[in-house]
Amino acid sequence: MQSSQGSALPARAGAPAVQAHELTKTYPGDVTALSGMSLTVEAGTVFGLLGPNGAGKSTTVKILTTLARPDSGSATVAGHDALRHPDRVRRAIGVVAQKSGADPMATGRENLQLQGRLYGLRGTDLTRRVDELLERFDLAEAGKRQVKGYSGGMQRRLDVALGLVHRPEVLFLDEPTTGLDPEARTAMWDEIARLAGDEGLTILLTTHYLEEADRLAERIAIVDRGRVVVEGTPDALKGELRGDAVHLELRAQAQDADVLRAALAALPGVHEVLIDGRRISVRTEDGAAAVPALLAALERAGAAVAAATVARPSLDDVYLRYAGRRFSEAEAAHDTPHAELVTAGGAR
Amino acid sequence: MNTMTESLAQNWFMTQRQLKVIVRQPAYLVMMLVQPAIWLFLFGNLFKKVVELGGFGTTTYLDYLVPGIVVMSALSSSMWAGMGTLEEIERGTLNRFLTTPVSRGALMNANVVQNGVSTALQSVIIVLLGKLGGADYPGGITGLVVLILASVLLGAIFGALSNAMGMLVRQRESIIGVNTFLMLPLTFLSTAFMAPAQMPGWMQSIADWNPVNWAMVVGRSAMADNPDWGLVLSRGGGLLVLTVVAVWLSTRTFRSYQKSV
Numbered sequence: 017m018q019s020s021q022g023s024a025l026p027a028r029a030g031a032p033a034v035q036a037h038e039l040t041k042t043y044p045g046d047v048t049a050l051s052g053m054s055l056t057v058e059a060g061t062v063f064g065l066l067g068p069n070g071a072g073k074s075t076t077v078k079i080l081t082t083l084a085r086p087d088s089g090s091a092t093v094a095g096h097d098a099l100r101h102p103d104r105v106r107r108a109i110g111v112v113a114q115k116s117g118a119d120p121m122a123t124g125r126e127n128l129q130l131q132g133r134l135y136g137l138r139g140t141d142l143t144r145r146v147d148e149l150l151e152r153f154d155l156a157e158a159g160k161r162q163v164k165g166y167s168g169g170m171q172r173r174l175d176v177a178l179g180l181v182h183r184p185e186v187l188f189l190d191e192p193t194t195g196l197d198p199e200a201r202t203a204m205w206d207e208i209a210r211l212a213g214d215e216g217l218t219i220l221l222t223t224h225y226l227e228e229a230d231r232l233a234e235r236i237a238i239v240d241r242g243r244v245v246v247e248g249t250p251d252a253l254k255g256e257l258r259g260d261a262v263h264l265e266l267r268a269q270a271q272d273a274d275v276l277r278a279a280l281a282a283l284p285g286v287h288e289v290l291i292d293g294r295r296i297s298v299r300t301e302d303g304a305a306a307v308p309a310l311l312a313a314l315e316r317a318g319a320a321v322a323a324a325t326v327a328r329p330s331l332d333d334v335y336l337r338y339a340g341r342r343f344s345e346a347e348a349a350h351d352t353p354h355a356e357l358v359t360a361g362g363a364r
Numbered sequence: 021m022n023t024m025t026e027s028l029a030q031n032w033f034m035t036q037r038q039l040k041v042i043v044r045q046p047a048y049l050v051m052m053l054v055q056p057a058i059w060l061f062l063f064g065n066l067f068k069k070v071v072e073l074g075g076f077g078t079t080t081y082l083d084y085l086v087p088g089i090v091v092m093s094a095l096s097s098s099m100w101a102g103m104g105t106l107e108e109i110e111r112g113t114l115n116r117f118l119t120t121p122v123s124r125g126a127l128m129n130a131n132v133v134q135n136g137v138s139t140a141l142q143s144v145i146i147v148l149l150g151k152l153g154g155a156d157y158p159g160g161i162t163g164l165v166v167l168i169l170a171s172v173l174l175g176a177i178f179g180a181l182s183n184a185m186g187m188l189v190r191q192r193e194s195i196i197g198v199n200t201f202l203m204l205p206l207t208f209l210s211t212a213f214m215a216p217a218q219m220p221g222w223m224q225s226i227a228d229w230n231p232v233n234w235a236m237v238v239g240r241s242a243m244a245d246n247p248d249w250g251l252v253l254s255r256g257g258g259l260l261v262l263t264v265v266a267v268w269l270s271t272r273t274f275r276s277y278q279k280s281v
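Keeping their order, the protein sequence lines are chains A and B. Counted the way our numbering counts, the first sequence spans residues 17 to 364. Counted the way our numbering counts, the second sequence spans residues 21 to 281.
Next comes chain B alone, as it looks inside the complex:
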């Protein structure tokens, strides 16, 4: 067996292990599906009339909301990735793998890939739920694929950062604290629920720099009747750069974890 196939095989084994863990936690799976459904239902009804204010590019609020909920869900589920890593450290699982010949890269990649697969799956389900609720996706399948890719990238960013934090601080409380602190501001300082035209100027300015918003902009631009590919590329490029930086950072913390053992 040559090194390349062996390395790919190791990546696959480690990812498969992580995916199995998720599939075997029915409570987690149910939450992953029920939560976005509730959000779609609650926010969809609560804000139904804001669409009348104009600037949403549609007359049905649900059309506007679906990409927002897709991205918000990607954010909220990825933010907790560090908890799993922390548990693996405490249980000794990470150390067990570190004494085997498995490549250190495969250990890290497994987290990222697993996160990507779960985010993509969750996004598809939200899109389908939206369709059931009567949402319209004028950009067709291409627009939806771009939306899902954007949410996967956002998930990778926050998943990698959360993993880095788990390895660095080794405290559940810190992850919980940071996540609860960040979740709502990141969501409300974006166009998740409100068209940019209806947001106060200062909020718009902040949203322009919020990667959570970038993912929504990418999704909505690609899903429009006349997709704005310039926006998709610029914001999507930003997400890609951030993903690379976040994954690099979590690889660095992984090395510092190894030094602290």
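Bound-form chain A, shown alone:
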């Protein structure tokens, strides 16, 4: 019998905090959400699931947080089998879902109190924990007000606080900054970075912002079409791509893209050429040294260049390499309401 205490058991030394093995899930109407999703998250780390909308990140989180059941495969969270003992998993995890689940008619404090009670916290323990969280998430004043009057950033902070009430072992953050303005996003990033420093807390973060994954996650799994296509630390992933990216912008759309591509690809040190309207991306050994030759080749081909930048490989390039398409294309292909797309800064 598990205890009804609020705090979770300490993490088992050495065992991974989250393990998913070959998860598959198809929704009615033959929508394949997962096709062999496997991942391992070591205890005490921040793990990022990165992928465009519709890649299967949320379905993975729903299975790991006991909301949904996979068609096949297995999952272990905080040492418990998520399929056979969902009740044990629920005591050990905190979940911050994509949608704010806070009750808008209740105050921030009442939301936290109820959440705490559901995990068995009572009396002064509960009051102390709620005060602590309100203070920590800068909601001490707002806690007295109904949530329906909160700004997007305040609501998101409350959501995270709700997920932490019972001091979980594993915290799931599903798209924690989607829909936040830039200022609130930066504040949330700082908060997540602080959480990551908490003793023993494991964080599984999903995001479709390349920059967010790059910044927060120690390890990243890139998800495409329901499975992990590549996994590693952001630096290692970027390091595997040889050379630099040179991004060129033409004054006018290239008249014959094939001729341009052939001209550029023939230059020494050039591995790869991508032409998309007025934008050309070239992967080359030494970016800075290659620029003059690239410009000269374009001039010979009659294409006037408006701008040229040299960039270290970004996660977008990693995504392109393993998923076979640009991140922004994958997002657009899925036809999402999220118009804003953040790609990793070109100068990183």
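For the record, the hints were derived by calculation from the structure and aren't laboratory data. Any given hint could be a false lead.
Pairwise CB distance ranges, derived in the manner of DEER restraints [claimed, not checked]:
{"no.": "1", "chain 1": "A", "residue 1": "47", "chain 2": "B", "residue 2": "107", "range": "21 to 27 angstroms"}
{"no.": "2", "chain 1": "A", "residue 1": "97", "chain 2": "B", "residue 2": "107", "range": "46 to 52 angstroms"}
{"no.": "3", "chain 1": "A", "residue 1": "215", "chain 2": "B", "residue 2": "53", "range": "51 to 57 angstroms"}
{"no.": "4", "chain 1": "A", "residue 1": "85", "chain 2": "B", "residue 2": "161", "range": "50 to 56 angstroms"}
{"no.": "5", "chain 1": "A", "residue 1": "100", "chain 2": "B", "residue 2": "137", "range": "36 to 42 angstroms"}
{"no.": "6", "chain 1": "A", "residue 1": "152", "chain 2": "B", "residue 2": "53", "range": "39 to 45 angstroms"}
{"no.": "7", "chain 1": "A", "residue 1": "100", "chain 2": "B", "residue 2": "200", "range": "51 to 57 angstroms"}
{"no.": "8", "chain 1": "B", "residue 1": "22", "chain 2": "A", "residue 2": "141", "range": "15 to 21 angstroms"}
{"no.": "9", "chain 1": "B", "residue 1": "218", "chain 2": "A", "residue 2": "115", "range": "52 to 58 angstroms"}
{"no.": "10", "chain 1": "B", "residue 1": "22", "chain 2": "A", "residue 2": "52", "range": "50 to 56 angstroms"}
{"no.": "11", "chain 1": "B", "residue 1": "137", "chain 2": "A", "residue 2": "151", "range": "33 to 39 angstroms"}
{"no.": "12", "chain 1": "B", "residue 1": "53", "chain 2": "A", "residue 2": "52", "range": "44 to 50 angstroms"}
We put the CB at the ideal spot given by N, CA and C, even for glycine.
Fit chain B to the given chain A structure using the hints.
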């Protein structure tokens, strides 16, 4: 803390949350009280003279009307329970609770209990409004308690069905459509406004099978000078069976909702 008290505590926390939501919506509260008052006033005046036709068991139409309005109000407020459930699904609140250790039963029960409490409260107020308007309740407190219990059961039936529909179809329009379609026929195919003796034969036959009418029959039989306990038990039993079926059905849809997440 043992499992039993923990489970009871969880039921209480979830119900309390739901009740708070209602109390904090003054517009909703006002509507819940003003609407039956208007119905009592409008129908009470419009049909005042029908009592002269006989068969009403009283000479004052308001005496006859109060149980009808109590049951009609229970029906009309419970039918919308699914809208709240739908909102909780869309907002992500239901999923948030589902990832906590709260018992799935407590989540469902909270809806039923909250609905029962609101219906009982509304019924008491209508009874008091009727008294203010000069209605007479010969069956005394016992009769009134039975009437309120019957309206609570009816509310539980339609509340549970509405919740099931909210989880199943996930569309406001469907709930609105079904409710507006059902509300008036269910009310007018009952003895809410008219004594059975004055209803066309075919309408009487339908009313005999209308659970809305059962609730009115239970209330009126218990509130009479000489209560007909046989009728109270048979129709009340019918309501109880339907309540069990409706709650079971909404628990089943709740499971199918969990599968669709």
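So does residue 215(A) sit 51 to 57 angstroms from residue 53(B), Cβ to Cβ?
-> Given a distance of about 53 angstroms, which is inside 51 to 57 angstroms, the answer is holds.
Evaluate the given range 51 to 57 angstroms for the C-beta pair formed by residue 100(A) and residue 200(B).
-> Violated - the Cβ-Cβ distance for residue 100(A) and residue 200(B), about 46 angstroms, lies outside 51 to 57 angstroms.
Is the hinted range of 21 to 27 angstroms satisfied by the C-beta distance from residue 47(A) to residue 107(B)?
-> At roughly 25 angstroms between Cβ atoms, residue 107(B) and residue 47(A) fall inside 21 to 27 angstroms, so the hint holds.
Measuring from beta carbon to beta carbon, are residue 137(B) and residue 151(A) in 33 to 39 angstroms?
-> 35 angstroms, holds
Could you see if the CB distance from residue 53(B) to residue 52(A) stays within 44 to 50 angstroms?
-> 58 angstroms, violated
Cβ distance range 52 to 58 angstroms for residue 218(B) and residue 115(A), holds or violated = 53 angstroms, holds
Just tell me: holds or violated, for the beta carbon distance of residue 152(A) and residue 53(B) against 39 to 45 angstroms?
-> Because 42 angstroms falls inside the window, the suggested range holds.
Per the hint of 36 to 42 angstroms, is the separation of the Cβ atoms of residue 100(A) and residue 137(B) within bounds?
-> Given about 38 angstroms between the Cβ atoms, the range holds.
Residue 85(A) versus residue 161(B) beta-carbon gap, inside 50 to 56 angstroms or not = Since the Cβ atoms of residue 85(A) and residue 161(B) sit about 51 angstroms apart, the hinted range of 50 to 56 angstroms holds.
Is it true that the C-beta distance of residue 22(B) to residue 141(A) lies inside 15 to 21 angstroms, as the hint says?
-> 19 angstroms, holds
Per the hint of 50 to 56 angstroms, is the separation of the Cβ atoms of residue 22(B) and residue 52(A) within bounds?
-> 43 angstroms, violated
Take a look at whether the Cβ-Cβ distance between residue 97(A) and residue 107(B) falls inside 46 to 52 angstroms.
-> 33 angstroms, violated
Violated hints, in rising order: 2, 7, 10 and 12; the structure is consistent with all others.
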